[in-house]
Amino acid sequence: MSSLTSALPPAEGMGPRVARWGLYLILLLFAAYYLLPLVVMLSTSFKSLDEIRTGSLLSLPRDISTDAWIYAWTRACIGADCRGMAPYFMNSLVIVIPAVIISTLFGALNGYALTKWRFRGANVVFAMILFGSFLPSQVMLLPMAQTLGFLGLAGSAGGLILVHVVYGLAFTTLFFRNYYVSIPDDLVKAATIDGAGFFQIFTKIMVPLSLPIMVVTIIWQFTQIWNDFLFGASFAAGGAQPVTVALNNLVNTTTGVKQYNVDMAAAMIAGLPTLVVYALAGKYFIRGLTAGSVKG
Amino acid sequence: MATVEIKNVRKSYGPVEAIKGIDIAVQDGEFLVLLGPSGCGKSTLLRMVAGLESITGGQVVIGGRVVNDLDPKDRDIAMVFQNYALYPHMSVFDNMAYGLKIRGVPKPEIETRVAKAAEILELGRFLTRRPSQLSGGQRQRVAMGRAIVREPAAFLFDEPLSNLDAKLRTQMRIEIKRLQDRLGITSLYVTHDQVEAMTLADRILVMNHGVAEQIGTPLEVYQRPASLFVAGFIGSPPMNVLDGVIDASGQGVVMPGGALLPLPRPRPDDANRPVKLGIRPEHLTISDGLAASPILVELVEALGADTVVYGRLPDGESLLIRMAGLPSCTEGDQLSVAPQPGALHLFDAAHGRRLAD
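If you're matching them up, the sequences are chains H and W in order. With the first letter of the first sequence counted as 1, position 221 gets the number 221 in my numbering; the numbers rise by one all the way through. Quick note: to get my numbering, add 296 to the position in the second sequence (first position is 1).
Hints are computed from structural coordinates only; laboratory data are not their basis. These numbers were taken from a predicted model, which means no experiment stands behind them. A few of these clues could be false.
Quick look at which bits of chain H chain W covers, simulated, 3 or more residues with Cβ under 8 Å [to be verified]:
1. 177-188
2. 193-202
Label-pair distances were calculated between CB atoms; the ranges are [claimed, not checked]:
3. Q323(W) - F199(H): 34 to 40 Å
4. T581(W) - V181(H): 55 to 61 Å
5. N123(H) - P404(W): 44 to 50 Å
6. G360(W) - T147(H): 53 to 59 Å
7. V124(H) - V312(W): 17 to 23 Å
Glycine residues also receive a C-beta, built at the ideal position from the N, C-alpha and C atoms.
Produce the complete structure using the sequences and hints provided.
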């Protein structure tokens, strides 16, 4: 934001000033447009059912109540299982954390091999991997289902981890490959002469230089995998479902009165981790996207 | 401490031959400079010695050992790169120590060796800094320190000074020279800068299009260039090259304008042979007589210590003359110049090789 305003020339006279405020107004409208659903979700989740029924959608809660959150977390019924979102949240963590770590590490390794140990056909291999990032995920459903069945991983967390690693590799490889292109080859050659081998150079030279792109990749992969619904719905059975699928089931299987506050709280719970990750590592995300080169 | 022998080494990229058979034996402690324009194959040759490029044909022998199939780390060489290639995330100390750590050198010895190298290179104060906190010259010294601590059989330098500004380059050139004199380690040094080559080298290998044009001491290369290419590449301003014909008696060379230049020795066998005639700008003096040619002064560059005159011969050929001191002529002047006796270089008109003296 600050770089945007400072990049604009100083306003002179009335005309430019009006235009400037007009610009701010439009930006504010856009910001409100994007933030409004979040505001409604948050405020609804802290209301009681009575208040939801009587008040308007946009009004703020009179008494802030965390009942809906606690209910969504511990007691809400997902299908026939009334243990709340908590176990599914854990399912997601169990899937997401290893999938992010593995796909990031292999992406780094791929990028390193593709840029610093250029073998015959490296470009073709890279083009094929790149193509993988354009494949719609639906294309993978049937072959992946067969593969998981063959491996005996169908319906398990391990199966979902495998799916996400495989699908994510195209992206993580792309990120690391493009980042490593900007690291001078002579660095690797110097290390080769110093006596370091393939993996030593990777762990001692490349990985320590990869922090910015590592953060980008982790945020990207975490967001993608955490928010995934399709693979979760297709490959995870019953109790192993990730939180996104559980949220869908919670909202769809409520009987009787629709508990909007619980739905909203559950949706917030499902969405919070990605927000937290972005808040913690967001500045590295921007830095990693813009910075690429490691100048000596 | 070792010799480095390059025996008929070739390099091909598919059908393209980049190095077409180079032969040279570098003596123990010798400083060999590989000199040539960009794309001549000098860096490729160095990288083949280092083991960073595969060798298509021939042999590289370091310290009596054929190293063709050895990994770079097993060749007992250290290399200094143009862009320093320092590890950005490591301190100066760690940059220098890394190669020793990998080789499992005991810690106390690493510290001794790094301290010694740091002292030689006056880097003692910077050991805890990161490369990004150093100036270009300091980074280059760290890169050299990394090579020194390894105490290798040979140093390989790949245009180590080209990233520095002119002043620093001169300074570092002297430092490298001192360092090599002091350590006496066999060195191969790639550059396209003739001044670096002339000042640093015990011998220069002049390369062009993947072949060795000439191997010799700096003065040999300067005084008796083996080909028109070497004659034109070494020397600044460059050597004048004119078309000439050896006269019927074999006693002299006739210049395009008709001036007759006496040959150092008679060449009766070469009578009436067309030749390329090389005259260094500093070997032309203002004089009259049979050997003199008239020139029109087109431009005068006063450099302070000497003056470069851009002249034009009657037939339109240009001629550079370098004179000591301040200019004694101005643009538009007519001068009469002649080469100093014995300062002629004769080259074959067709293939450009030097004629036997």
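Going through the hints against the structure:
1. Only residues whose beta carbon comes within less than 8 Å of a beta carbon in chain W count, and the stretch 177-188 of chain H has 3; three or more means the coverage holds.
2. With a threshold of 8 Å between beta carbons, the proposed coverage of the stretch 193-202 of chain H by chain W holds, since 5 of its residues qualify and at least three are required.
3. Remark: the range hint 34 to 40 Å for Q323(W) to F199(H) is upheld by a beta-carbon distance near 39 Å.
4. Restraint check, T581(W) to V181(H): a C-beta distance of roughly 57 Å satisfies the suggested window 55 to 61 Å.
5. Distance hint check: the CB atoms of N123(H) and P404(W) are about 47 Å apart, consistent with the given range 44 to 50 Å.
6. The hint said 53 to 59 Å for the Cβ distance between G360(W) and T147(H), and at roughly 56 Å that hint holds.
7. At about 21 Å, the beta-carbon gap between V124(H) and V312(W) stays in the expected band of 17 to 23 Å.
Figure legend: structure checked against the earlier numbered hints; every hint is met.
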